[in-house]
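By the UniProt record's numbering, the letter at position 325 of the sequence shown is numbered 325, and the numbering carries on one by one without gaps.
Just so you know, these hints were derived from the structure itself, not from any lab.
These figures come from a predicted structure and were not determined experimentally.
There's no promise every hint is true.
List time: in silico EDC-like cross-link candidates among lysine to aspartate or glutamate, alpha-carbon distance up to 16 Å [stated by the list, open to error]:
#1 37 to 70
#2 135 to 154
#3 173 to 237
#4 206 to 252
#5 101 to 87
#6 112 to 87
#7 169 to 324
#8 197 to 147
#9 295 to 44
#10 169 to 262
#11 291 to 154
#12 197 to 220
#13 173 to 147
#14 10 to 44
#15 295 to 311
#16 136 to 262
#17 38 to 87
#18 172 to 262
#19 135 to 109
#20 173 to 220
#21 136 to 147
#22 172 to 154
#23 101 to 127
#24 319 to 286
#25 295 to 154
#26 228 to 252
#27 211 to 178
#28 9 to 42
#29 101 to 130
#30 136 to 87
#31 38 to 70
#32 172 to 130
#33 319 to 147
#34 9 to 127
#35 35 to 6
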Amino acid sequence: MAGIRDVAKKANVAASTVSRALNNSGYVSQAAREKIKKAVEELDYIPDTWLRNLYQQKSAVVGVIINSLEYPYFATVTRFIENKLAENGYSMMLCATQNSKVRERIFFDMLKRGQIDGIIAEYLLLDDREYQHIKKPVVTLDRHLRDIPLVCSDHHTGGRLAAEHLIQKGCKKILYIEDNSSYLSSTPSYQSCLAFKETLIQAGIKPIPCKVNWKEEEKDYFHSFATKILSLYSDIDAIFAADIPAMALFNEATRRNIAIPEQLKIVAYDGSPWLNQTLRQLTCIEQPFEKLAEKSVEVISALIENKEIADNVSVIPVKFIQGESS
Numbered sequence: 001m002a003g004i005r006d007v008a009k010k011a012n013v014a015a016s017t018v019s020r021a022l023n024n025s026g027y028v029s030q031a032a033r034e035k036i037k038k039a040v041e042e043l044d045y046i047p048d049t050w051l052r053n054l055y056q057q058k059s060a061v062v063g064v065i066i067n068s069l070e071y072p073y074f075a076t077v078t079r080f081i082e083n084k085l086a087e088n089g090y091s092m093m094l095c096a097t098q099n100s101k102v103r104e105r106i107f108f109d110m111l112k113r114g115q116i117d118g119i120i121a122e123y124l125l126l127d128d129r130e131y132q133h134i135k136k137p138v139v140t141l142d143r144h145l146r147d148i149p150l151v152c153s154d155h156h157t158g159g160r161l162a163a164e165h166l167i168q169k170g171c172k173k174i175l176y177i178e179d180n181s182s183y184l185s186s187t188p189s190y191q192s193c194l195a196f197k198e199t200l201i202q203a204g205i206k207p208i209p210c211k212v213n214w215k216e217e218e219k220d221y222f223h224s225f226a227t228k229i230l231s232l233y234s235d236i237d238a239i240f241a242a243d244i245p246a247m248a249l250f251n252e253a254t255r256r257n258i259a260i261p262e263q264l265k266i267v268a269y270d271g272s273p274w275l276n277q278t279l280r281q282l283t284c285i286e287q288p289f290e291k292l293a294e295k296s297v298e299v300i301s302a303l304i305e306n307k308e309i310a311d312n313v314s315v316i317p318v319k320f321i322q323g324e325s326s
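Can you make the complete structure from the sequences, with help from the hints?
Here's what the structure looks like:
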């Protein structure tokens, strides 16, 4: 019996495109729709999930909550989640909250009413207790909620690897950038900063902390931030930061003719494809975006189907990528 991947292959489109077309849940060009329709007819494809969902009163839609697609991390992992959901017969409904609790609550209420079958939450603002009491399928990416499955990267190892690399390179005046919000300081990803600091201190190096405000609406914020940092700390020899500030600092250092990596070494954290916009590849700790997506979809699918999951916490290894910035 033909499956959704067979239809996608014959129509020469992605499985996620087939899913959107069949469920009428997002934009699909007319040309792609025609190819998918023809492939469905030729393969005699019957989406059995429709019949099953009708019988079980399910929507075959999973909600994904993020802050904004402007952030490389969210954009990258969400793209993989959509593809993995499509492969498992689900459509994705995206909620970019833009730091709005109202938008998140709309999704939360849709889950309670059964309009979506589950939620994969990459970013949360509502009180933890609201999610704990709902008793519906919810999986979090990088946010601890009691009794709710968590999927995250091994951030502690990521921070340690970054620090050890800079120590091996002989760096002494090392600045690290952390988020200024209380939200991120409570997430597993904050462990990367803690491990980074601890590793440096154990080596006899006092790290220089610097806080950043994630203001997506202020397009020039990170350019101004990088200018300020390199002016205030002109004697630093290394920086550890997330992708966006790391790239801004790399660009500003290059503009100032600061030799990289001879005078200044930069290690980015996340390793999203967005980093490829620099003229030279940045050294980074790469998060396993596809594996994070795959595991979160695996867990939410099991919860929707009332299956037991082996572990409530899934920690996935990160990878050190040597670039030209260190």
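Status of the hints after comparison with the structure:
A hinted pair counts as satisfied when its Cα atoms are at most 16 Å apart, and residue 37 with residue 70 does not qualify at roughly 33 Å. Using a Cα cut-off of 16 Å, the hinted pair residue 135 and residue 154 is violated, with the two alpha carbons roughly 27 Å apart. Restraint check: the Cα-Cα separation between residue 173 and residue 237 comes to about 5 Å, which is no more than 16 Å; the hinted pair holds. Taking the CA atoms of residue 206 and residue 252, the gap is near 25 Å; set against the 16 Å cutoff, the hint is violated.
Using a Cα cut-off of 16 Å, the hinted pair residue 101 and residue 87 is violated, with the two alpha carbons roughly 31 Å apart. Distance check on the hinted pair: residue 112 and residue 87 sit about 25 Å apart at the alpha-carbon level, beyond 16 Å; violated. Simply put, residue 169 and residue 324 have alpha-carbon atoms about 13 Å apart, close enough for the 16 Å limit, and the pair holds. Of the pairs offered as hints, the one joining residue 197 and residue 147 is violated, with about 30 Å between alpha carbons and a cut-off of 16 Å exceeded.
The hinted pair formed by residue 295 and residue 44 fails the criterion: a straight-line CA distance of about 31 Å is larger than 16 Å. This hinted pair checks out: residue 169 and residue 262 have alpha carbons roughly 10 Å apart, not beyond 16 Å. Pair hint residue 291 plus residue 154 holds up; C-alpha atoms about 12 Å apart against a cutoff of 16 Å. Using a Cα cut-off of 16 Å, the hinted pair residue 197 and residue 220 is violated, with the two alpha carbons roughly 29 Å apart.
At most 16 Å may separate the alpha-carbon atoms for a hinted pair to count; residue 173 and residue 147 exceed this at roughly 42 Å. Straight-line distance between C-alpha atoms of residue 10 and residue 44 comes to about 12 Å, which keeps the hinted pair within the 16 Å bound. At roughly 11 Å between alpha-carbon atoms, residue 295 and residue 311 fall within 16 Å of each other, so this suggested pair holds. This hinted pair does not check out: residue 136 and residue 262 have alpha carbons roughly 53 Å apart, beyond 16 Å.
Note on residue 38 and residue 87: the hinted pairing is violated, with a Cα-Cα distance of about 20 Å set against a maximum of 16 Å. Distance hint between residue 172 and residue 262 is fulfilled; the C-alpha atoms sit about 13 Å from each other, no more than 16 Å. In summary, the hint linking residue 135 to residue 109 is supported, as the alpha carbons are separated by about 13 Å, within the 16 Å threshold. Taken as a hint, the residue 173 and residue 220 pair is broken in the structure, with Cα atoms around 27 Å apart against an allowance of 16 Å.
Between residue 136 and residue 147 the CA atoms are separated by roughly 12 Å; this keeps the pair inside 16 Å, and the hint holds. Between residue 172 and residue 154 the alpha-carbon distance is near 26 Å, which puts this suggested pair outside the 16 Å criterion. As the CA atoms of residue 101 and residue 127 are separated by approximately 10 Å, the hinted pair is consistent with the 16 Å bound. The straight-line distance between the Cα atoms of residue 319 and residue 286 is roughly 5 Å, inside the 16 Å bound, and the hint therefore holds.
Taken as a hint, the residue 295 and residue 154 pair is honoured in the structure, with Cα atoms around 14 Å apart against an allowance of 16 Å. Proximity of residue 228 to residue 252 is assessed by CA-CA distance (about 10 Å); at most 16 Å being required, the pair is judged to hold. Distance restraint check for residue 211 and residue 178: the Cα-Cα separation of roughly 5 Å lies within the 16 Å cut-off, and the hinted pair is therefore satisfied. Taken as a hint, the residue 9 and residue 42 pair is honoured in the structure, with Cα atoms around 13 Å apart against an allowance of 16 Å.
Only pairs whose Cα atoms come within 16 Å are accepted, and residue 101 paired with residue 130 is accepted, the gap being roughly 12 Å. Restraint check for residue 136 and residue 87: not satisfied, since their Cα atoms lie roughly 22 Å apart, outside the 16 Å limit. Taking the CA atoms of residue 38 and residue 70, the gap is near 36 Å; set against the 16 Å cutoff, the hint is violated. A distance of roughly 46 Å separates the Cα atoms of residue 172 and residue 130; the hinted pair therefore is violated under the 16 Å criterion.
For the proposed pair residue 319 and residue 147, the alpha carbon gap of about 29 Å is over 16 Å, so the pair is violated. With a CA separation close to 43 Å, the supplied pair residue 9 and residue 127 exceeds the 16 Å bound. A threshold of 16 Å between alpha carbons decides the hint, and for residue 35 with residue 6 the separation of about 13 Å falls inside it, so the pair holds.
In this structure, the earlier hints numbered 1, 2, 4, 5, 6, 8, 9, 12, 13, 16, 17, 20, 22, 30, 31, 32, 33, 34 are contradicted, and the remaining ones agree with it.
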